[in-house]
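Required output: the full structure, derived from the provided sequences and hints.
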Amino acid sequence: MGANYDDDGVLVPALCLGDAAAFEWMVDRYHGSLRRLALNYVATGAIADEVVQETWLALIQGIDRFERRSTLKTWLYRVLMNKARTRGVREQRTRPFSSLDGDDLTLSGFDPDRFRPADDPEWPGHWAAPPTPWQEQPDRRLDAIDTLDRVREAVADLPPNQRQVLALRDIDGWTSEEVCNVLGLSQTNQRVLLHRARAKVRLALDPALGGAP
Amino acid sequence: MTVHDPADLLEPDLPCNLFVELVTDYLDGALPVGQRALVDAHLAICTGCATVLEQWRTVIALAGRLGEDDIDRVDPVVRRALVDAFSRLHREM
Numbered sequence: 000m001g002a003n004y005d006d007d008g009v010l011v012p013a014l015c016l017g018d019a020a021a022f023e024w025m026v027d028r029y030h031g032s033l034r035r036l037a038l039n040y041v042a043t044g045a046i047a048d049e050v051v052q053e054t055w056l057a058l059i060q061g062i063d064r065f066e067r068r069s070t071l072k073t074w075l076y077r078v079l080m081n082k083a084r085t086r087g088v089r090e091q092r093t094r095p096f097s098s099l100d101g102d103d104l105t106l107s108g109f110d111p112d113r114f115r116p117a118d119d120p121e122w123p124g125h126w127a128a129p130p131t132p133w134q135e136q137p138d139r140r141l142d143a144i145d146t147l148d149r150v151r152e153a154v155a156d157l158p159p160n161q162r163q164v165l166a167l168r169d170i171d172g173w174t175s176e177e178v179c180n181v182l183g184l185s186q187t188n189q190r191v192l193l194h195r196a197r198a199k200v201r202l203a204l205d206p207a208l209g210g211a212p
Numbered sequence: 000m001t002v003h004d005p006a007d008l009l010e011p012d013l014p015c016n017l018f019v020e021l022v023t024d025y026l027d028g029a030l031p032v033g034q035r036a037l038v039d040a041h042l043a044i045c046t047g048c049a050t051v052l053e054q055w056r057t058v059i060a061l062a063g064r065l066g067e068d069d070i071d072r073v074d075p076v077v078r079r080a081l082v083d084a085f086s087r088l089h090r091e092m
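Listed in order, the protein sequences are those of chains A and B.
Quick note: the first sequence uses numbering that gives the first Met the number 0, first residue 0, plus one each step.
Quick note: the second sequence uses numbering that gives the first Met the number 0, first residue 0, plus one each step.
Hint data in this document are derived by calculation from the structure and do not stem from the laboratory.
Hints are all accurate, no fakes.
With the C-beta cut set under 7 Å, the calculated list includes, among others, these residues of chain B facing chain A:
1) C15
2) D24
3) G47
4) T50
5) V51
6) A62
7) G66
8) V73
9) V82
10) S86
Computed far set for chain A versus chain B, every beta-carbon distance over 10 Å:
11) A2
12) N3
13) D5
14) G8
15) V11
16) P12
17) N39
18) R67
19) R68
20) S69
21) L71
22) T73
23) K82
Reference listing, derived: stretches of chain A covered by chain B, where coverage requires no fewer than 3 residues with Cβ under 8 Å from a Cβ of chain B:
24) 25–35
25) 170–181
26) 187–200
Note that CB positions come from ideal geometry on N, CA and C, so glycine has one too.
Written out as C-alpha cells, the structure is:
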C-alpha cells in the first residue's frame with residue numbers, strides 16, 4: 000500500500016500538497032520520541048506536550064519553505080530542541096548538555112578489581128573475575144517484563160545527556176551521524192556518552208540476570 | 000619443547016580492561032582497522048570479553064523494545080487535533 004514516506008523526496012512534497020496520511024505517518028513515528036527528548040529539558044510532562052505540539056505546528060506552517068538542506072527528521076528534532084531549551088531556560092530547569100553529572104564509575108562500569116593488575120607477570124589487564132553470561136540463566140528470560148522494567152528504570156536514572164543519546168541511538172535506532180547532527184556533538188563525545196549509558200544499563204541488569212557481584 | 004609462532008610475539012594481545020572501554024566504538028565500526036583486527040583476534044580467544052560484547056548487544060536490543068511502550072504512543076485526542084490543524088491550514092492556503 001502507501002507511499003514510501005521514509006524518503007524525503009516523497010514525504011516533503013506529500014506534506015506540501017496537504018496529504019494528511021503523510022502527516023499522520025510523521026506524528027505516529029516521531030511524537031513519542033520528540034516528547035521523550037523534550038522531557039530532558041523541561042520540568043513537566045505537560046510542558047513537554049506543549050513543546051511537541053508547537054513543534055508540529057512549526058512543521059505545518061513551515062513545510063512550504065523547507066529547503067531540504069537537512070533531512071526533514073533532523074530539521075524537526077532541531078526545532079524541538081530549540082523550543083525545549085528555550086522553555087527549559089524560562090522554567091529555570093535547564094540542564095546544560097555538557098554539565099558534569101557526578102559520575103564516579105569507570106567508563107565501562109566494571110570494577111577495576113575485576114582485572115589483573117598492570118604488573119601481572121602473565122596477563123596484565125586481563126580478567127581476574129570475568130562476567131557471567133546472561134543467556135546461561137535458564138530460569139530468567141531476557142525479555143521478561145521485569146527485565147524491561149529494569150531497563151526502563153536504568154534509562155530513567157541516567158544523567159540527561161547520556162539518556163538523550165541512548166534514547167535516540169538505542170530506543171529510536173538513529174545512526175550516530177543523525178544524533179551528532181541534532182544534538183551538536185562530536186562523534187567521539189557521542190560515543191563516550193553512549194558507552195557510559197549502556198554500561199550503566201548493563202550494570203543495572205547484571206545482578207538480576209545472574210551476573211557475578 | 001614449545002614452538003612459538005613469531006606472530007604471537009609481535010602481536011600484543013589486547014588487554015580485557017581496554018576492550019571493555021572499546022565495545023561501543025567496536026559495534027559502531029569506529030575503530031581504526033588495526034585496532035579492530037586486534038579486537039577481533041582477542042574476542043576469538045577471550046570468553047569474558049565475548050560475554051561483555053554479547054551483554055552490550057542485549058542492552059541495545061532491550062532498549063530498542065522500550066520504543067514500543069504505550070506511553071510513547073500519541074494520545075488519540077492530540078493526534079486528531081494535530082491532523083485537523085494540518086488539514087485546516089492546507090485548506091486555507
